[in-house]
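Participant: Please arrange chain Y on chain D, whose structure you already have, making use of the hints.
Number of protein chains: 2
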Amino acid sequence: MGGVPIFSKAQLMRTKENTLLHLDGDPNWEAFDAPALVGETLRFVSGDKTGNRFKMKYFRDQEQNLVARVWFGPVTEGPPEHAHGGSIAAVLDEVLGLTAWAAGHPVVVGNLNVSFRQLLPIQIVVQVTTRLISVKGRKIMIHGEVSSLDGIVYATGEALCIKISTENLKTAENRVEG
Amino acid sequence: MGGVPIFSKAQLMRTKENTLLHLDGDPNWEAFDAPALVGETLRFVSGDKTGNRFKMKYFRDQEQNLVARVWFGPVTEGPPEHAHGGSIAAVLDEVLGLTAWAAGHPVVVGNLNVSFRQLLPIQIVVQVTTRLISVKGRKIMIHGEVSSLDGIVYATGEALCIKISTENLKTAENRVEG
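Quick mapping for you: the protein sequence lines, in order, are chains D and Y.
Residue 110 in our numbering sits at position 121 of the first sequence, and the numbers go up by one each step.
Residue 125 in our numbering sits at position 136 of the second sequence, and the numbers go up by one each step.
It is possible that some hints are incorrect.
Since the list gives no way to pick out one identical chain from another, each pair is judged satisfied if it fits inside one copy or across any two copies.
[Claimed, not checked] The calculated lysine to any residue pairs, modelled on SDA-like cross-linking and capped at a C-alpha distance of 25 Å, are:
hint, residue 1, residue 2
1, K125, I153
2, K46, L10
3, K125, N17
4, K152, Q107
Hint data in this document are derived by calculation from the structure and do not stem from the laboratory.
Chain D extracted, bound-state conformation (with noise of 0.2 Å):
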């Protein structure tokens, strides 16, 4: 990475403008229910009531692979006027761990590798592609790439995920509680 920003600030500001629209996602995508999946407490990434960190649509496209539109927010900035490193960190870690849930594993990531390809301006609407590249017993390799809509590669991530029986969930939950 290292990569300087591509836009001008003109460019920024008109793409600012349409952005949110892009969140709708493409006509021929369905969308996906992810707190009917896995609960409603992801706070931290899609789960966000504030909207000032993420605004976030989950679809399945026509291969019924999981994709995600992410709308950065304001304080989500590391670098001025560019998104955190570790905001772009968290919203691979969530999408790529759904990819496996939305393919039918529970699981919890295990690792994460995030590489830093390019800033990514803030307040514009972004695009997380995944793919499903591996079952191994209770390991799952996925894929992911955080991109612009017209292509611009910012990141991507590989998640380790690693499945966990409802049963165990359960348990964890009652330790807490109990």
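Facilitator: Same frame as chain D, but now just chain Y:
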């Protein structure tokens, strides 16, 4: 990841009551002024003004290593009552990048690798310790660990940082502002 929480609800309540005191760090440490070094814009993590995501203080320990004390607030939630993996990755991204800056190397994080070991209960103060592993040309490798104050390791991280010239930084800003 994969681990079950290690606190009973009663233990967790007691921990939460006293936890913010631990943000002040060890009396032998020296406060470290991150904004003075990298600017005021790290809004997503240490620059959080809401107090709902992170409360965070940086120090240098007796060996001059950068160390951070971090409180994960209510909106960092992912799994019920536990930190979203993405919030842990976000903290590691910032702390490991700053470790390079604090050692005199202006950098961007090129790659971040996070291993999740254990679910991290929210609303307690934890510690991020760091170590500069190597400097090879423009590449600086930093390791770090997120742990409880009594030594439970929640996550480990490695950041490959890429040195930038401050001249490049200015150019990047001009491209956005111009």
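Participant: Hint by hint, note whether the structure agrees.
Facilitator: Hint check results:
1. K125 x I153: within (14 Å within a copy, 40 Å between copies)
2. K46 x L10: Classified as within: same-chain Cα gap 12 Å, cross-chain 38 Å, threshold 25 Å.
3. K125 x N17: Answer is neither: 31 Å inside a copy and 48 Å across each miss the 25 Å cutoff.
4. K152 x Q107: between (32 Å within a copy, 15 Å between copies)
In summary, the one numbered hint that this structure violates is 3.
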